[in-house]
Amino acid sequence: MDVSLKGKVALVMGVENGVGRALAVAMAEAGADVACCATRPSLEVAAQSCANEVWALGRRSLGAAVTATEAHELEALVDKVMAELGGLHILVNAHDLPLALPLEETEPHYLRRVLADNVEAVYLAIRAASRPMLAQGYGRIINVVPLEAERGLANASAYCAAKAAVLNLTRALALEWARRGITVNALGCGWIEGEGLAQSPEAKAALERYLPYKRLAKPQEVVGPAVYLASEAAGFITGHVIWVDGGALSHI
Amino acid sequence: MSVLEKLGLDGKVAVVTGAGRGLGRAMALALAEAGANVVCAARSREQIEATAHQIRQLGRRSLAIPTDVTNPQQCTRLIDTTVEQMGRIDILVNNAGGATPGYDKPVEQITDEEWRLGIDTNLSSVFYCCRAAIPHMVRQGGGKIINVSSGYGLRGGRNNFIYCSAKAAVINFTRSLALTYAQHNIQANCIVPGFFPHENEAVIRYLRGGQFIPVGRVGKDEELGPACVLLASALADHMNGAIIILDGGGLAGGQAPTGLAPRIPLAEG
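So the protein sequences, as listed, match chains A and B.
For the first sequence, the positions run 0 to 251 when numbering that gives the first Met the number 0 is used.
For the second sequence, the positions run 0 to 268 when numbering that gives the first Met the number 0 is used.
Calculated directly from the structure, the hints in this document are not laboratory data.
Quick caveat, the model's predicted, so the values are computed rather than measured.
Check each hint, because a few of them may be wrong.
Think about it this way: if two alpha-carbon atoms lie no more than 20 Å apart in a straight line, the pair counts; the simulated DMTMM-like pairs of lysine to aspartate or glutamate are [said to hold, decoys possible]:
| hint | chain 1 | residue 1 | chain 2 | residue 2 |
| --- | --- | --- | --- | --- |
| 1 | A | Lys5 | A | Glu231 |
| 2 | B | Lys219 | A | Glu231 |
| 3 | A | Lys213 | A | Glu201 |
| 4 | A | Lys79 | A | Glu69 |
| 5 | A | Lys217 | A | Glu207 |
| 6 | A | Lys203 | A | Glu192 |
| 7 | A | Lys213 | B | Asp236 |
| 8 | B | Lys5 | A | Glu231 |
| 9 | A | Lys217 | A | Glu52 |
| 10 | B | Lys219 | B | Glu32 |
| 11 | A | Lys79 | A | Glu43 |
| 12 | B | Lys5 | A | Asp1 |
| 13 | A | Lys5 | B | Glu4 |
| 14 | B | Lys219 | B | Glu200 |
| 15 | B | Lys5 | B | Glu32 |
| 16 | A | Lys5 | A | Glu83 |
| 17 | B | Lys104 | B | Asp119 |
| 18 | B | Lys219 | A | Asp1 |
| 19 | B | Lys5 | B | Asp236 |
| 20 | A | Lys217 | B | Glu4 |
| 21 | A | Lys217 | A | Glu192 |
| 22 | A | Lys217 | A | Glu201 |
| 23 | A | Lys217 | B | Asp236 |
| 24 | A | Lys213 | A | Glu192 |
Taking CB as the label site, the calculated pair distances span [claimed, not checked]:
| hint | chain 1 | residue 1 | chain 2 | residue 2 | range |
| --- | --- | --- | --- | --- | --- |
| 25 | B | Gly208 | A | His108 | 47 to 57 Å |
| 26 | B | Asn171 | A | Leu133 | 35 to 45 Å |
| 27 | B | Gln108 | A | Asn167 | 31 to 41 Å |
Covered stretches of chain A, going by a simulated chain B footprint (3 or more residues, C-beta under 8 Å) [to be verified]:
| hint | region |
| --- | --- |
| 28 | 25-38 |
| 29 | 209-221 |
| 30 | 235-241 |
Ideal placement from N, C-alpha and C gives every residue a C-beta, glycine not left out.
Given these sequences and hints, build the entire structure.
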């Protein structure tokens, strides 16, 4: 079977996160050239460091940092990727702005920010990348979602709403582009050390007792199936989520 | 190890039920291509011998063991023979199953025999093979169980009771396997194939070339292979109790006919 990504160019958004960075590296290991983009201008160093890791694997790369909610910056980013890496075949959206507060402490502008950074930014990244993908009739879009996209969690109403939105926009765009060569899927991640709401100090100990594997995952453990989704071999899969959660969602 | 190296199955031993044709044969061959030695099971010796022959031509060891998966003794014999002859069992693909007589009847017309045969073929078979294989996997320190369910295990079908019930049960059986054996390093996951070309004639007529499927075509047998290899590999060690759906987008929709794409402009003001 061939899940090699040789000859493909991937754009990974959110490389400042552990999962985003691991995804960029995994795509490079599988043979893709990878543009590594952080989702705030202040995170340029993280993006360059990720790009350097891709170079060290012998792939071409570029590092960038944008305001991920600004459509024109994303358009310019896609142009830059096309110009410098010669194409765009794979878009990975690993954006993540965590928030865990009771509703009565969630100020209206916190909610707007959570929706903007977790949903609007993903939508706009897809919108920018879809231009070349629709023109060439080929694309692989992978949205990274946490367990909060599928299940509720106390103190996480805004975050849960945002992540569920990403999961269902995945399904809608899959249907919209089903006959245009673009698949749209999600990588569903379980609890990962230092990521998302697992950053909460009290969460880790409780989760280690609860989870089937009795531990949280490292980012590198959850990204493999995304390489499969990004490959030509997965062309019949669209509109779905592949969960890599160690069995967390199997619980009642 | 790079992500692509983690997909390798060199030295692993797999058992695939229903390996004589279609999706089962495609998965057996894909596992062999990835490096596994594969034991092929099904009722028809001729068909599994043909699959086993193809696997040997890939340079892997293979056995063909005629097995009726509705018979618990035969399932136990399949697994025990595998361990005796191949030394171990790392991967169990429970693929055997399908429509049985009465699958398309309304409830009031289904006989006891039809119900039992459908449940035995599609659900009990999974239980029998897992029951036989899991002690070996626990002793070996791990294993991979891949159960093949169906879109009818996630959604209902008109006049489709036996198959829908059994395939839904397979998914939830898999989740309980995932929770129970996680501590033994055994991962259990499901593959849900959508419509593939070797469906029965009634289904093929209904599909009309796959125009009701969002991507506009039915699946190809060989498209199932990579998903099976992924789940059997170290790349999926953190996948447990999950489902990979290969259906050309069918289950992403389901609230409206395929192709419905309304346009409503933003309200002014």
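Evaluated hints:
no.	hint	in the structure
1	A/Lys5 to A/Glu231	holds, 11 Å
2	B/Lys219 to A/Glu231	holds, 13 Å
3	A/Lys213 to A/Glu201	holds, 15 Å
4	A/Lys79 to A/Glu69	holds, 16 Å
5	A/Lys217 to A/Glu207	holds, 13 Å
6	A/Lys203 to A/Glu192	holds, 8 Å
7	A/Lys213 to B/Asp236	holds, 14 Å
8	B/Lys5 to A/Glu231	holds, 18 Å
9	A/Lys217 to A/Glu52	holds, 18 Å
10	B/Lys219 to B/Glu32	holds, 17 Å
11	A/Lys79 to A/Glu43	holds, 16 Å
12	B/Lys5 to A/Asp1	holds, 13 Å
13	A/Lys5 to B/Glu4	holds, 15 Å
14	B/Lys219 to B/Glu200	holds, 17 Å
15	B/Lys5 to B/Glu32	holds, 14 Å
16	A/Lys5 to A/Glu83	holds, 17 Å
17	B/Lys104 to B/Asp119	holds, 17 Å
18	B/Lys219 to A/Asp1	holds, 15 Å
19	B/Lys5 to B/Asp236	holds, 10 Å
20	A/Lys217 to B/Glu4	holds, 19 Å
21	A/Lys217 to A/Glu192	holds, 6 Å
22	A/Lys217 to A/Glu201	holds, 18 Å
23	A/Lys217 to B/Asp236	holds, 12 Å
24	A/Lys213 to A/Glu192	holds, 13 Å
25	B/Gly208 to A/His108: 47 to 57 Å	holds, 52 Å
26	B/Asn171 to A/Leu133: 35 to 45 Å	holds, 39 Å
27	B/Gln108 to A/Asn167: 31 to 41 Å	holds, 38 Å
28	25-38	holds (count 4)
29	209-221	holds (count 6)
30	235-241	holds (count 6)
When the structure is compared with the earlier hints, no violation turns up for any of them.
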